[in-house]
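Enquirer: Residue-level listing of the chains:
2 protein chains.
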Amino acid sequence: MTAYGVTPLSGLPARVTICEVGPRDGLQNEARPLPVEVKAEFIERLVDAGHTVVETTSFVHPRWVPQLADAEELLGRLTFADGVRYPVLVPNERGLDRALALGVRDIAVFASATETFARRNLNRTVDESLTMFAPVVERARREDVRVRAYLSMCFGDPWEGEVPAQRVVDVAKRLMAMGCTELSLGDTIGVATPGRVAALLGALTSAGIGIETVAVHFHDTYGQALANTLAALQHGVTIVDASAGGLGGCPYAKSATGNLATEDLLWQLAGLGIETGVDLRKLIDTSVWMAERLGRPSPSRTVTALAKENR
Amino acid sequence: MTAYGVTPLSGLPARVTICEVGPRDGLQNEARPLPVEVKAEFIERLVDAGHTVVETTSFVHPRWVPQLADAEELLGRLTFADGVRYPVLVPNERGLDRALALGVRDIAVFASATETFARRNLNRTVDESLTMFAPVVERARREDVRVRAYLSMCFGDPWEGEVPAQRVVDVAKRLMAMGCTELSLGDTIGVATPGRVAALLGALTSAGIGIETVAVHFHDTYGQALANTLAALQHGVTIVDASAGGLGGCPYAKSATGNLATEDLLWQLAGLGIETGVDLRKLIDTSVWMAERLGRPSPSRTVTALAKENR
Numbered sequence: 001m002t003a004y005g006v007t008p009l010s011g012l013p014a015r016v017t018i019c020e021v022g023p024r025d026g027l028q029n030e031a032r033p034l035p036v037e038v039k040a041e042f043i044e045r046l047v048d049a050g051h052t053v054v055e056t057t058s059f060v061h062p063r064w065v066p067q068l069a070d071a072e073e074l075l076g077r078l079t080f081a082d083g084v085r086y087p088v089l090v091p092n093e094r095g096l097d098r099a100l101a102l103g104v105r106d107i108a109v110f111a112s113a114t115e116t117f118a119r120r121n122l123n124r125t126v127d128e129s130l131t132m133f134a135p136v137v138e139r140a141r142r143e144d145v146r147v148r149a150y151l152s153m154c155f156g157d158p159w160e161g162e163v164p165a166q167r168v169v170d171v172a173k174r175l176m177a178m179g180c181t182e183l184s185l186g187d188t189i190g191v192a193t194p195g196r197v198a199a200l201l202g203a204l205t206s207a208g209i210g211i212e213t214v215a216v217h218f219h220d221t222y223g224q225a226l227a228n229t230l231a232a233l234q235h236g237v238t239i240v241d242a243s244a245g246g247l248g249g250c251p252y253a254k255s256a257t258g259n260l261a262t263e264d265l266l267w268q269l270a271g272l273g274i275e276t277g278v279d280l281r282k283l284i285d286t287s288v289w290m291a292e293r294l295g296r297p298s299p300s301r302t303v304t305a306l307a308k309e310n311r
Numbered sequence: 001m002t003a004y005g006v007t008p009l010s011g012l013p014a015r016v017t018i019c020e021v022g023p024r025d026g027l028q029n030e031a032r033p034l035p036v037e038v039k040a041e042f043i044e045r046l047v048d049a050g051h052t053v054v055e056t057t058s059f060v061h062p063r064w065v066p067q068l069a070d071a072e073e074l075l076g077r078l079t080f081a082d083g084v085r086y087p088v089l090v091p092n093e094r095g096l097d098r099a100l101a102l103g104v105r106d107i108a109v110f111a112s113a114t115e116t117f118a119r120r121n122l123n124r125t126v127d128e129s130l131t132m133f134a135p136v137v138e139r140a141r142r143e144d145v146r147v148r149a150y151l152s153m154c155f156g157d158p159w160e161g162e163v164p165a166q167r168v169v170d171v172a173k174r175l176m177a178m179g180c181t182e183l184s185l186g187d188t189i190g191v192a193t194p195g196r197v198a199a200l201l202g203a204l205t206s207a208g209i210g211i212e213t214v215a216v217h218f219h220d221t222y223g224q225a226l227a228n229t230l231a232a233l234q235h236g237v238t239i240v241d242a243s244a245g246g247l248g249g250c251p252y253a254k255s256a257t258g259n260l261a262t263e264d265l266l267w268q269l270a271g272l273g274i275e276t277g278v279d280l281r282k283l284i285d286t287s288v289w290m291a292e293r294l295g296r297p298s299p300s301r302t303v304t305a306l307a308k309e310n311r
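Line by line, the protein sequences give chains L and W.
No gaps in the numbering here: position 137 of the first sequence is 137 in full-length UniProt numbering, and each next residue is one more.
No gaps in the numbering here: position 70 of the second sequence is 70 in full-length UniProt numbering, and each next residue is one more.
Please note: incorrect hints may appear among the correct ones.
[Unchecked claim] Here chain W is said to cover these stretches of chain L; the calculated rule only asks that three of the stretch's residues, wherever they fall, bring their Cβ under 8 Å from a Cβ of chain W:
hint: 1; stretch: 69-81
hint: 2; stretch: 115-126
hint: 3; stretch: 259-273
[Unchecked claim] Beta-carbon label-pair distances, calculated as ranges:
hint: 4; chain 1: W; residue 1: Glu138; chain 2: L; residue 2: Ser206; range: 28 to 38 Å
hint: 5; chain 1: W; residue 1: Pro135; chain 2: L; residue 2: Thr52; range: 19 to 29 Å
hint: 6; chain 1: W; residue 1: Gly208; chain 2: L; residue 2: Gly11; range: 18 to 28 Å
Simulated from the structure, these hints should not be mistaken for laboratory data.
Because the structure is a prediction, the values reported are computed rather than measured.
For glycine and all other residues, C-beta sits at the position ideal for the given N, C-alpha and C.
Same shape as in the complex, but just chain L (with noise of 0.2 Å):
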């Protein structure tokens, strides 16, 4: 995949990891949810594909995000590959409690740097989510379980228009204090542009925010990903966050389609000489496949236009 060249770009970091969000950021909007065992051959697949995170699904309650309500069957179903982690998304103790006894070595909260959103996503304010979240984070550290913090409308929120930067520092902070190991900065309605990315990142670090913790969260809503992703790079950032054939987006969010295609985000880091260790051929093969699944076409431009060409 790498007949048209390859030339590195000066400041870019040499690797990158991605983290795979198509099993759980990306069906979790799916009107018809898929069976068990088809989410369990996607989520082989990516791992088969190279990539080294794949987060698989949310204990979040099933009256919200039905679709992933087979989380304990789906999880019990996977052989955790060596070398691979599998995030699950835990919203509370008693999340935590299921997750841990499924073997889980890493898990996902999820905050909001609005108000709005934190309202309409998780019922509570931005204090009384962090407050849910503290012991949870505690409790998991504790285990030695890894813990990424998802931070969304970051940039723009569709009812408060836009976010300051110190907004997004100031949670952000209080998230690493309580020992999060990871910061996913979501651009969850896709609205940002390379100055914003690059103005975010430049206070995260000046608030003391190690960039290695940092990820990258982008929409394609506005056809802004991966600008962002390339500024994101120029600063630091070794962490980007993509869902294979741009599956999904956020189910409570206004115009918030279009996760970042996995795909396209490969042909720019292979042509760049960025190493990822996943295979851009098998990961267009598995969104092909997961699209027959779906009864629609990917959204990716990679995914559009290679397998045309090759079939």
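Model the placement of chain W on the given structure of chain L, informed by the hints.
Expert: Relative to chain L, chain W alone:
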């Protein structure tokens, strides 16, 4: 359209000129040509949105591009606005005569960086095509008509694979030595990544080509167009080609779909505080209107997001 904030990124230009290629490059590939009055309205809407460069049509023989066989009638219908340039594609001296007779003051010639594409698109070698264009450019310049030179396949070619930067530099130097006033670097099949862009721009400026004369023309086939644009802006480029609603591609290049959508570009530039003079709302209205006429939705992410939101 700046509800989500403007944040500049250091090292970028304060102003970018967009070369809107929708009416020519966008429509030359349509299975059913549009009525001439729709094309004229399209161009007038683009100018009303604030565009100062709108590529209108082509004097290529109608046998090759029947979609633009109405070039003379279309130009006759336009009222050329002050301060707006309306370049037309001109392949030879006969085309130049026809264009000059209609008051055209900006033309474009189109060359290829690769032999295979020169043969397929122009039925000539690269040398032969340059020989064909030389007298066109010379006479246009004598008449004080500006000449944009398109250079196709600057990064990859579906038949030849990776295209070396030196090959592009060689052809570019000959075009500029001939008297062309602007050079548009085409990633005709959309395979470039930001390192390639920076390397090619570096090679061109090292060869003495002024960055102020260089435009970039990216295709979004693999989702890379805006990230590549960012890399070009970081290298000093101030002219960017784009197509309203992402119309078009190239009829002769395998998998060459997806001109960069002007709306996606505008979202990025507006967020970066880079002036263009183009009104995003008016442009989206125009692309929605055009999509109705073509009977299919725009592939632009920004058009999709905002057309959905506000209707």
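Enquirer: Work down the list of hints and note, for each, if the structure agrees.
Expert: Against the structure, the hints come out as follows:
no.: 1; hint: 69-81; in the structure: violated (count 0)
no.: 2; hint: 115-126; in the structure: violated (count 0)
no.: 3; hint: 259-273; in the structure: holds (count 8)
no.: 4; hint: W:Glu138 x L:Ser206: 28 to 38 Å; in the structure: 57 Å, violated
no.: 5; hint: W:Pro135 x L:Thr52: 19 to 29 Å; in the structure: 60 Å, violated
no.: 6; hint: W:Gly208 x L:Gly11: 18 to 28 Å; in the structure: 26 Å, holds
Hints 1, 2, 4 and 5 from the earlier list are contradicted by this structure; the remaining hints agree with it.
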